[in-house]
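Based on the hints, put chain B in the right spot on chain A.
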Amino acid sequence: MLIHPGSNPLTSSYRLLLLPTIFLLALSLISISIGVGDFSFSHLWADNDDADVWQLLVISRLPRTLALILSGMTLAVAGLIMQMLVRNRFVEPSTAGTIESATLGILLVTLIAPDTPVFIKMLVAGAFSMMGTLVFMALLSRVPLRSPYLVPLIGLVLGGVVLACTTFVAYRFDLVQSLHAWTIGDFSGVLQGRYELLWIGLLLALLACFAADRFTVAGMGEAFTTNLGLNHRALTLFGLLVVSGISATVVITSGNIPFLGLIVPNIVSLLFGDNMRQSIPWVALLGGTFVLLCDIIGRLIYYPYEIPIGTVVGVIGSILFLTILFGRRNRA
Amino acid sequence: MNQTARSFRSTLPRFRQSLLVLLSLSTLSFASHAETISVQHAQGTAQVPIKPAKVVVFDLATLDTLRTLNIADVVIGVPETPYPKHLSHFQEASYTRVGSLFEPNYEVVNQLKPELVIVGGRSGPKQPDLAKLAPTIDLTVNQENPVSNVDSNVRLLGKIFDKEAAAEAELKKMHDAIAALKQKASGAGTGLIVLTTGGKMSAYGPGSRFGIIHDVFGFKPAVTDLKESNHGQAISFEFILKTNPDWIFVVDRDVAIGSEGQSAAKLLDNALVRKTNAWKKQQVVYLDSFNWYLLASAGLTAMQENIQQLSDAVSAHQHH
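Residue numbers (UniProt numbering), protein chains in the order written: chain A, 1 to 332; chain B, 1 to 320.
So here's chain A without its partners, still in its complex pose:
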């Protein structure tokens, strides 16, 4: 018995994944080959005793490229999960107070106990972003939502309030510049041993993949979910845990990458609809690709100096975001 290829939309979309995967790998090779140090792939296999090239690859180039892919993938998935849970297309960690709360957590722990290991700092940041997101959800349940645009607006207002508190504390302790370094994503400091927390984010994103079908159900509303015998509350909490964890790992490693969790899932949903299990690999791949591309641009424009990726994504992302916004309006 032969199953006709393409008869199952799921397998056909998985087959389509081959192309973006190859594209991502190609970009990774480009990303690895860019940098100030003397490095080329031909040197790696050249018959010389030059250990420096290998060292550069292992210590600097590979970690940076991996960190970029991991952050891009996980942040995009985090955005997708939030959009499912809140049932709103314009929500992502930086439009729900999540990122701002994580930053506040990092600032406080840095001030109170500067020598705290990074892993503990990440846990504190995660706890803060969880609390911030819970406040956001609580606000949503109390406000009559007449327009889908109101949801991200509430999130932006909440984020603004949290950011104001953070800035006030930073200002008092002369840390405003350090705060900027945490809020604007930048991978220039990534080296072997300084990005590995991002793998925790990947683990969380994978967990979310396994629960993808459930999130799709949760996205249809509390009553519907309960009717199907699923615990909506537990599912929401799990989703928030994943989102907060991912936000914390990214903010503590590189700083925030704005718009990412918003643009990527929106593009994917325009292409494939709202089945999360189907769209999650696309979201992850596109997220990684987008971040890689933006970092390559930021490193090349001003070579040998860098433009932080947060700035590059901010510019490209806002243009894409507006395009999506107007596109959706016209379709609706």
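Zero decoy hints are in this set.
Mimicking EDC-like on lysine to aspartate or glutamate, the simulated pairs with C-alpha atoms at most 20 Å apart in a straight line are:
| hint | chain 1 | residue 1 | chain 2 | residue 2 |
| --- | --- | --- | --- | --- |
| 1 | B | 266 | A | 196 |
| 2 | B | 85 | A | 174 |
| 3 | B | 275 | A | 38 |
| 4 | B | 85 | B | 73 |
None of these hints come from the bench; they were simulated from the model.
Frame of chain A, contents of chain B only:
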């Protein structure tokens, strides 16, 4: 009798009034008789009184210089900011807080009725507004020729406060120290200035806010094409390895959250930086970030301490 009493009663207030007018006139003439001089500052000229006794200072470098010249007791108002060790007594409650380094609290300044206000650097742009309340001079040090600016500022303060001999003596000390450092630095190899904050780094070159290291003290820059930018250029560790400087001068911006140079040292201690000449020869110098960052090395003591630190660092290695 009744009439005389009445007339007396009516003349009394009038008499009192005229007395008051007379008094106020005399104080007015007294004020106008106080000596003033016309001085040139960064934003033009101003009429300032000689030896003012009530001075509000927004510029830390000026506070430093006033303290070095032993005229700090005229200061009544200072900004709310962290203070370096040698200026810590300005933190005492007896000094009125007059705003931040950037933003004056005009109400408070007005209440203090200062005879002179001094701004500079971060507070420089507020000179025109403050000048409406009291004579205000801007002692901002221009990064293009920092030393001649320090010269003229110190001389100006010496003139206003009648301490010209002391000012000249301090300046001579400074110029001698610079000349001595220059001689040592010229053969010490190349240097790269790196500012670290929040786990990120940026590089500064000649002509920048820390460019005095190259421009005046004479360390050869490891990179010559660094564009001037107030916030430096973002760089990676590979950049440091590639330029391979003999000296790395580090300004640790996060000093507020740890001891001097600690977080920067942690950031720089990695396989790439360890391969640079500077790291191998232990020629990574953690600059006093208060003196460099907050005072922009424009105060007399800050400048002297900065020269001393670099001079000590170079001598320590020349003996080897």
